[in-house]
Amino acid sequence: MTSIAMNKPGATVLLMGNEAIARGAIEAGIGVAAAYPGSPSSEVLLTIASVAKEMDIHAEWSVNEKVGTEVAAGASFAGIRSFCAMKQNGATVTADFIVNLNMTGIGDGGIVIFVSDDPGSMTSSNEQDSRSIAKWLDNPLLEPSDAQEAKDMVKWGYEVSEAVKLLTFVRGVTRISYTKSNVILGELPEPREKKAHFPELWDMYNPHKSTFTAGPSLVAHKVLHEKLEKVRELFEASAFNRYWGPENPELLIITCGSCTSYCTEAVSELKAGDKVGVLKLGTTWPLPEKLVAKYLSTTKRVLFVEETDPFVERSVMELAARLLPATCDLAFYGAESGHVDPYNEQSTDLVIKTLTGILGITYRGRDPDYDREAKETLKIVPDRLINLCAGCPHRATYWAVKKALQLDGRKGFVCGDIGCYTLGFTSPGFFQMRTLHAMGSGTGVANGLGNLKRFGFDQPVLAVTGDSTFFHATLPALVNGVYNNADFTLLILDNSATAMTGFQPHPGTGELATGDPATVVDMEAICRALGARVEVCDPFDLEKSTKTLLRMMAEDTGVRVIILRRMCQLLKDRKKIPREYKVHVDPEKCLGDGCGCDSLCTRLFGCPGLMWDREAGKAAIDEAICVGCGVCADICPAHAIIREEATQ
Amino acid sequence: MSDTGKGVRELFEEVIYQGLCTGCGACITGCPYIVAHEGRIILLDKCTVVEGECYKHCPRTYTDMDVVSKKIFGVPFSDEELGVALDVYMARTKDSEIGERGQDGGTVTTLLALALQEGMVDLVVCTKMDEDKVPRGYLARSREELLQCAGTCYEASFTLEGYRSIPKDSAEKVGVVGLGCQLEALTKIRQYPPEKNANPDNITLTVGLFCGWALSPHVFHPYLKGHYDLAQVVKFDIPHTPHYSFDVHTKSGIQSVSLDEIRPYINPACQYCWDMTAEFSDVSLGSAGSAFPGWNTAVVRTRMGADLMELAKRKGILETQALPDQRLAHLKSIALKRKKTALENIVERTGDKNDLLYVGNLPQGMADRLLETG
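For the protein sequence lines, the chains are A and B, in the order given.
Going by our numbering, the first sequence wraps up at 648, each residue one higher than the last.
Going by our numbering, the second sequence wraps up at 1022, each residue one higher than the last.
Do not rely on the hints blindly, as some may be mistaken.
Said to hold, decoys possible - Below, computed lysine-lysine pairings styled on DSBU-like, alpha-carbon distance capped at 30 angstroms:
| no. | chain 1 | residue 1 | chain 2 | residue 2 |
| --- | --- | --- | --- | --- |
| 1 | A | Lys411 | B | Lys873 |
| 2 | A | Lys411 | A | Lys547 |
| 3 | A | Lys379 | B | Lys694 |
| 4 | B | Lys781 | A | Lys544 |
| 5 | B | Lys873 | A | Lys589 |
| 6 | A | Lys195 | A | Lys53 |
| 7 | B | Lys816 | A | Lys544 |
| 8 | B | Lys781 | A | Lys547 |
| 9 | B | Lys821 | A | Lys547 |
| 10 | B | Lys781 | A | Lys411 |
| 11 | A | Lys618 | B | Lys694 |
| 12 | A | Lys8 | A | Lys195 |
Said to hold, decoys possible - Beyond 10 angstroms from chain A on every Cβ pair, some chain B residues (computed):
| no. | residue |
| --- | --- |
| 13 | His685 |
| 14 | Gly700 |
| 15 | Asp780 |
| 16 | Pro842 |
| 17 | Leu907 |
| 18 | Asp973 |
| 19 | Ala1015 |
Everything labelled a hint here was simulated from the structure, so no lab data went into it.
Virtual Cβ for every residue (Gly too), placed ideally from N, Cα, C.
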């Protein structure tokens, strides 16, 4: 693999969008990069961290996106270009800081925040459109349409940022972050000459002239809006906004980001290039109004294609209203008119469908047999349910949780948050999770539920959180619970990694983003210091964890913490930690299906390493998938699953 | 009133959630979905078996009394007060060790110990209290193990989980000692042999225990724990009338409370029980309502029961004497009253004289007679 820091200006390399973002930041000469992992943005910091030492960059996994942005701001104040990456949820987390940062402005070092959205919420709990956050925060917003633009926009984002002393948002989506395309590399930065230094602008004779303190700030608010007007001027001339098509198109498509390719392909597929023009905007907030007005005047019909909110659409409609009566003859098609779905991802097919409808043309894309053949082909692909991995400690944890809650019998339930263990809301977690929102929110919600005794509330409340999530946003909720004497049991599912996003280290793991050793932040000691009762269990010890849960739930006041500690199986594999057991099924002992066990192991426990041999009507182990955790031996009622110490 | 096509879901909907569970233990063990925990039967997860043994074996799902009776005794269901009975008399042990440790006359322990000794059974499914005085099903394979099970705790005890824990391939001859509800379940296990558990044909002896009611363990046990140091308790007893007390024998003496304090903990399901004298047994024994202190009343129901009693007498470990007519009449009257009350309670619940819940296929007119007489 070629290094992302290769010094070959002009070379064309195949890069994933997230790598291109990293390269852009490197080319821009950043000194500090921070991020909290989250799909689809996680690889950006991983990529930067991989060359952090050679490029003299401080790269860190911050505990959350707000802290990450604050880290970037600190560097900026001392004159260092800095960078922060996050998924869409993170933009909301960090917004509180940025709204204040916009009052003071940033330092001499520019800041670019890369936010990757997840239309269709393929790996998220929502499909929030972060562009609206940039808008209400009053920050410049760029939207790349491919990896090349992603790199170039990040680099240019620093110029914009430094020109107006505001951080610049670059918004990606899953298809930008995870699509690989050719990128022509730019120059690497010259070695840094300036020493980082916090500006000594404070003057004892004029003490109010302080640089970075947000205060009562009517003036600062006005200044902010003036800055945005300056940004708008920069955007008017930006080469990231492009038009192609006839001079006076029958239909003008205004699009941006990932939808650019879909529109290009759709127009080409429909051979409608003589009728349809495409205005692709790379700078979507503030809107380059003069540019847009110019193209609005060339047509009578305008179609907006974007993911997910009608963000550009509404900006342009506002503009059109101001341009009246010049725009009174214009027909607008988009999410507002029902022609474009403002949910989920767009695609070439969807754009074709929209275009054929508006233009009144017919399109036969495929051979009529194609659909039939595709359906036939699909039959040979086995159905796969969303599942936790073979040997996942969370499955064992939820098994114990399910049993403990049923035995307890008071209709207790689990409040959850974000991580692999989110699957607790569905079959791999036996449907135990009943609330699911933001990072750390299970614990916060448990705080509320845990103080309802006076209203007759008598159900035990469990909260689950991951080890990384614990540091991200659970800690304040835990402190709150101890302080306000909330009655709940917190389960910290400590699998020694930010597993869902790719095993990134966190404060509890003893490892930095660069792989260097770090101080281990001891979550058990933290919980004890807070005054919570703490127990540590191995989730694979089903009996002990069930009993501990039952006992903790039976205690009826205050915050109890159970740390269920067991390394993520995938991480174990990566670290080449040998498997513990060799597992097999004794067909003589296996009850088979029907009364006796009703294929509990495959039907309910559902580890992918277990198979049901339909012919024999017995369980079997899928040797290719089983990782030898041995937990299934404890759930088999007939003790037919045998685990033996693995011989290495 | 069909018992086909029903499984665990119906078991919980029709029996357990309805407060009809007697706590016999027939549905637990071997099944990963149903467990007993702190005196309650709990469903852990969804079982999809359409026709579950849990439902078929439950003594509170529809039971064809006639079929069961023919299976056990080879004769139609008896409408006599005490059920099928060859003989009724009084008995007490002459084994001093058993006499000290047994509840009343020690007859039950004497008979079972003899059956083990003579190889009539290889193991006895019985009930044993653990250190916390929680009764659970237990398999006793020796006199010593049997003696550990002597004495009663008056709580529903899931005894049949012991039966279900016998391995499928076991050829051991099985004796079972239990209450009426437990033996009803056992007869249904014999009627519908479990596919994946031990063969019920190996059951060679059933000893019934008279029962007035049992206490609900999930409420009574916390009460006990709250009032007594259970590690110090050696025996629970409800002495013969005219005493009206629940006695807790501890290492430092007897603590006695009025039965009125205990009665609220009676399992509500017991009000629907028709079987005071454990009719589906080879021999059933008890003291309530009939015998003198230190004696048991024995209702001998089968040849097997009679032979065992005879053998015990011959060996000099059991003495017997006739039950006075007046006492027998009294026993019959309370057994009849139980049947009558149970049916009345059932009809009050179902609102339909033809829907007697689990009590199915009684002899012609029996239910009407019981429900009509004043």
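Taking the hints in turn, this is what the structure says about them:
| no. | hint | verdict |
| --- | --- | --- |
| 1 | A:Lys411 - B:Lys873 | 24 angstroms, holds |
| 2 | A:Lys411 - A:Lys547 | 17 angstroms, holds |
| 3 | A:Lys379 - B:Lys694 | 29 angstroms, holds |
| 4 | B:Lys781 - A:Lys544 | 23 angstroms, holds |
| 5 | B:Lys873 - A:Lys589 | 39 angstroms, violated |
| 6 | A:Lys195 - A:Lys53 | 18 angstroms, holds |
| 7 | B:Lys816 - A:Lys544 | 29 angstroms, holds |
| 8 | B:Lys781 - A:Lys547 | 20 angstroms, holds |
| 9 | B:Lys821 - A:Lys547 | 36 angstroms, violated |
| 10 | B:Lys781 - A:Lys411 | 27 angstroms, holds |
| 11 | A:Lys618 - B:Lys694 | 19 angstroms, holds |
| 12 | A:Lys8 - A:Lys195 | 27 angstroms, holds |
| 13 | His685 | 4 angstroms, violated |
| 14 | Gly700 | 5 angstroms, violated |
| 15 | Asp780 | 15 angstroms, holds |
| 16 | Pro842 | 8 angstroms, violated |
| 17 | Leu907 | 28 angstroms, holds |
| 18 | Asp973 | 49 angstroms, holds |
| 19 | Ala1015 | 32 angstroms, holds |
This entry does not satisfy hints 5, 9, 13, 14, 16, going by the numbered hints stated previously.
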